[in-house]
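In order, the protein sequence lines correspond to chains A and B. Quick note: the first sequence, position 188, residue 192 per this note's numbering, numbers continuous. Quick note: the second sequence, position 3, residue 7 per this note's numbering, numbers continuous.
Watch out, some of these pointers could steer you wrong.
Said to hold, decoys possible - Pulled a few chain B residues facing chain A out of the computed Cβ check, cut under 10 Å: (1) 132; (2) 136; (3) 138; (4) 149; (5) 202.
As the list claims (entries may be wrong) - In the PhoX-like style, the derived pairs of lysine-lysine whose C-alpha atoms are separated by at most 20 Å in a straight line are: (6) A:33 - A:57; (7) B:77 - B:67; (8) B:204 - A:151; (9) B:87 - A:204; (10) B:151 - A:204; (11) A:87 - B:57; (12) A:17 - A:77; (13) A:204 - B:77; (14) A:204 - B:204; (15) B:151 - A:151; (16) A:87 - B:151; (17) A:149 - B:204; (18) B:87 - A:151.
Calculated from the structure, these hints are not laboratory results. No residue lacks a Cβ here, since even glycine has one placed at the ideal position from N, Cα and C.
Number of protein chains: 2
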Amino acid sequence: MITVTDQDIKKEKILDAAHQRFLHFGYSKTTMNEIAGDLSLSKALLYYYFPDKSQLYVAVMRKVANEYLNILKSKANTFNGLKEVFEFQINTQHDFLVNNYNFFDFFRLNEQNLPDMIWEIVDHVRQSEIDLLVDAINVEAGKGKLKAVNNPGEIVSLLLDALQGVRVSSSSNRKVMFHNKEDLDEIRAKRLLLTDIFIKGLIN
Amino acid sequence: MITVTDQDIKKEKILDAAHQRFLHFGYSKTTMNEIAGDLSLSKALLYYYFPDKSQLYVAVMRKVANEYLNILKSKANTFNGLKEVFEFQINTQHDFLVNNYNFFDFFRLNEQNLPDMIWEIVDHVRQSEIDLLVDAINVEAGKGKLKAVNNPGEIVSLLLDALQGVRVSSSSNRKVMFHNKEDLDEIRAKRLLLTDIFIKGLIN
C-alpha cells in the first residue's frame, strides 16, 4: 500500500526528472514515455500522477517558480538601499531565465494561448515580487531616504511594468513575453539603467 | 486625360472618405463598395487607385500618422522644461488614440500578423518621437539642467519602451499593443507618473 508520503516522494522524483527533460530538450521534444523511462516507471503510473504532459509541465513550473521566489526571499532585509534590492531582483530573474531558458519554450510556443494555471503562477510570482519590493520601499521610507510615497504598491507595479516594456534596440515594435537568449544581457543592462534612473527620481 | 495633380486630389478624397468609414465603423465593417459609394466613384476606379482594402488602410494609416507627427512637431522648441515635453507627447498620443479608436481595430484584429508596411509606419512614428524628445533633452542638457546624459537617444528609447510596458491594474500579465478604450485614462495617468519619476531621476 502506498502512503501519502510515498506518493509525495514519488511525485517529487517525477517533477525533478521532468524538469531535467524540459530543461535540456524543451517541452515539445519531451515525451511522457521518456520521463517514465528515466525513472523506470510504468507509463500507467506516470499518468496516474499526471494525466497529461501539460499538467506535468504546470506542476514543474510551480516548483521552479517557488525555488525562484525562495532565492528572492532568502535575501530580504539584508540590503543596503533600494538600488541594491531592485538590482538583486533584476539579476536573480535574469539568472533564473538564463538557467531555465529551454524550459520556457512552452511559453514561447504558446504565448497567445497559455493555460490559466500558468497565468496563476505568473500572477503569484509577480505578487510575491511586489511584496518584497514594497517592503524594501517601506524600509527606506522609514529611514526618510525617499520622497513621500503614498502607495508603494503602485510605484513598484509601475516600475515592474516599465521593466517589462524594455526591448532590444534591434527588435521591431512587436511585443514579446520571452526574449531570445542572446538578447537577455542587453535587456538586463537596460533594466538596470531604467531602475537606476527611476530610483534616483524617488530619492530625496 | 487625368493629370498627376488630379490623381493626387482624387487620392486624397479617397483617403478622407476611407478614414471616415474606418473611424466610424472600423476596418472589418467597412467595404470598398461603401467607400466608392460615398464618393460616387466606380468600384473599378477605386480599385485602380488602391488594389485592395488593406492597401487603402495602410495609405490612410500613413496619412493619419503624419497628421499626428505634425501636431507633435508644431510645438517643438516651445516647451519650458523636459517634463512639459514628455507630458505633451503622452497627452498628444492619448488624444490621438482616443480620437482614432475605431480606426485601430485593424491593429487589434491583426495584432500577431500586421503587414510589414504597417510596421514601417510604426517605426517611422517612433523614430520621429525619439528625435523630438532627444532634441528636448539636448536643449535641457545645454542649460545644465540635467545630469550628464551621454546618449540621449538611448535614454529616450528606454523611457518610451518603459511607457509601453504600463498596464492597467486589472489586466493579467498578457501583453497588449492596444488598450481598451476604457483603460486609456488609467494608462495615461500611469505614464505621466512614470515620466515624472524618470525625469526627476535625470535632473541635477
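We went through each hint and held it up to the structure:
no.	hint	in the structure
1	132	13 Å, violated
2	136	17 Å, violated
3	138	14 Å, violated
4	149	15 Å, violated
5	202	6 Å, holds
6	A:33 - A:57	11 Å, holds
7	B:77 - B:67	15 Å, holds
8	B:204 - A:151	11 Å, holds
9	B:87 - A:204	16 Å, holds
10	B:151 - A:204	11 Å, holds
11	A:87 - B:57	51 Å, violated
12	A:17 - A:77	25 Å, violated
13	A:204 - B:77	30 Å, violated
14	A:204 - B:204	7 Å, holds
15	B:151 - A:151	19 Å, holds
16	A:87 - B:151	18 Å, holds
17	A:149 - B:204	15 Å, holds
18	B:87 - A:151	18 Å, holds
Hint violations for this structure: numbers 1, 2, 3, 4, 11, 12 and 13, all remaining hints satisfied.
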